[in-house]
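So in the numbering used here, spot 151 of the sequence shown is number 267, and the numbers just go up one at a time.
Note that these hints are calculated values from the structure, not bench results.
There may be inaccurate statements among the hints.
What the hints assert, rightly or not - Quick list of in silico lysine-lysine cross-link-like pairs, BS3-like style, CA-CA up to 25 Å:
id: 1; residue 1: K134; residue 2: K177
id: 2; residue 1: K272; residue 2: K125
id: 3; residue 1: K121; residue 2: K264
id: 4; residue 1: K177; residue 2: K121
Unchecked claim - Pairwise CB distance ranges, derived in the manner of DEER restraints:
id: 5; residue 1: N176; residue 2: E254; range: 22 to 32 Å
id: 6; residue 1: N146; residue 2: S206; range: 19 to 29 Å
id: 7; residue 1: T129; residue 2: R182; range: 14 to 24 Å
id: 8; residue 1: T171; residue 2: N218; range: 22 to 32 Å
id: 9; residue 1: R233; residue 2: D200; range: 31 to 41 Å
id: 10; residue 1: T129; residue 2: R199; range: 31 to 41 Å
id: 11; residue 1: K264; residue 2: G226; range: 17 to 27 Å
id: 12; residue 1: Q184; residue 2: K134; range: 13 to 23 Å
id: 13; residue 1: I276; residue 2: E254; range: 49 to 59 Å
id: 14; residue 1: R167; residue 2: V263; range: 34 to 44 Å
For each residue, glycine too, the CB sits at the ideal point set by N, CA and C.
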Amino acid sequence: MQDWKSLYKEHATLLTDKATAVRWIDLWHNQVNFLTTEHPFPTPAVFLSYRTLSTVDVSNKVQNVRVQVDVYLYYETFADTYRDSFNQDSALNFIDLMDTINAAFHGSEGENYSSMRRLGFAPVDTGNAGNLYRISYECTLMDYSAVKAYDDHEIKDLAIEQNDTPYDVS
Numbered sequence: 117m118q119d120w121k122s123l124y125k126e127h128a129t130l131l132t133d134k135a136t137a138v139r140w141i142d143l144w145h146n147q148v149n150f151l152t153t154e155h156p157f158p159t160p161a162v163f164l165s166y167r168t169l170s171t172v173d174v175s176n177k178v179q180n181v182r183v184q185v186d187v188y189l190y191y192e193t194f195a196d197t198y199r200d201s202f203n204q205d206s207a208l209n210f211i212d213l214m215d216t217i218n219a220a221f222h223g224s225e226g227e228n229y230s231s232m233r234r235l236g237f238a239p240v241d242t243g244n245a246g247n248l249y250r251i252s253y254e255c256t257l258m259d260y261s262a263v264k265a266y267d268d269h270e271i272k273d274l275a276i277e278q279n280d281t282p283y284d285v286s
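Please model the complete structure; the sequences and the hints are all you need to start from.
Rendered as structure tokens:
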């Protein structure tokens with residue numbers, strides 16, 4: 117079944133497998149702007165956010181959903197990115213990691229989504245020493261979350277008698 121929780125877990129697994137430098141994966145709750153009060157996390161960290169772009173009803177309680185997936189990459193560094201700086205290469209490692217994330221996501225599809233494509237990326241101001249970039253993607257999800265789930269049961273001790281007599285309808 118394709119649903120939001122399964123989509124998040126699949127994306128987190130994909131990042132774990134493909135972007136091995138990432139040390140923390142979580143849902144986005146603006147954690148980097150509340151570093152002193154949030155649960156501490158190691159960096160580089162990736163946070164995932166999901167929003168609906170559009171829906172099309174496929175059947176009763178099933179929708180085809182266009183989803184925007186925002187991938188926030190937080191890379192804490194005190195190195196300098198300016199041209200010819202002593203530690204410029206290490207300061208720019210976050211760009212390599214953004215490329216790795218894009219290679220994992222762009223053009224991908226999985227059990228819970230299809231047609232993943234990048235929409236764009238942009239820096240996000242944090243006011244601290246970390247680099248925060250948002251890479252936005254679009255994908256398609258078949259959302260079955262409103263469909264009632266039924267459990268399979270085995271019926272025991274049920275006897276059906278076969279009879280050639282027609283039903284009595286009086």
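- [ ] Starting from the range 17 to 27 Å, see whether the pair K264 and G226 falls in it by beta-carbon distance.
- [x] For G226 against K264, whose Cβ atoms are near 25 Å apart, the range 17 to 27 Å holds.
TODO: Quickly compare the C-alpha distance for K272 and K125 to 25 Å and report which way the hint goes.
DONE: violated, 38 Å
- [ ] Note whether the CB distance of T129 and R182 lies within 14 to 24 Å or breaks it.
- [x] Since the Cβ atoms of T129 and R182 sit about 22 Å apart, the hinted range of 14 to 24 Å holds.
Open item on the list: Given the hinted pair K177 and K121, is their Cα-Cα distance within 25 Å?
Closed with: holds, 18 Å
- [ ] Mind checking the hinted window 22 to 32 Å against the Cβ distance between T171 and N218?
- [x] holds, 26 Å
Open item on the list: Within 31 to 41 Å: is that where the Cβ-Cβ distance between T129 and R199 falls?
Closed with: The hint (31 to 41 Å, Cβ to Cβ) holds, given that T129 and R199 are roughly 38 Å apart.
Task: Pair hint K134 and K177, alpha-carbon separation not exceeding 25 Å - done: Violated, because 34 Å separates the two Cα atoms, which is more than 25 Å.
Open item on the list: Taking 13 to 23 Å as the stated bounds, is the beta-carbon spacing between Q184 and K134 within them?
Closed with: Because 20 Å falls inside the window, the suggested range holds.
Task: Proposed proximity, K264 with K121 (alpha carbon, max 25 Å) - done: holds, 17 Å
Task: Range agreement (Cβ of E254 with Cβ of N176, hint 22 to 32 Å) - done: holds, 26 Å
TODO: For N146 and S206, compare the CB-CB distance with the range 19 to 29 Å and indicate the outcome.
DONE: 27 Å Cβ-Cβ, so the 19 to 29 Å window holds.
Task: Range hint 49 to 59 Å (beta carbons of I276 and E254) holds or violated - done: holds, 52 Å
When the structure is compared with the earlier hints, violations turn up for hints 1, 2 and 14 and for no others.
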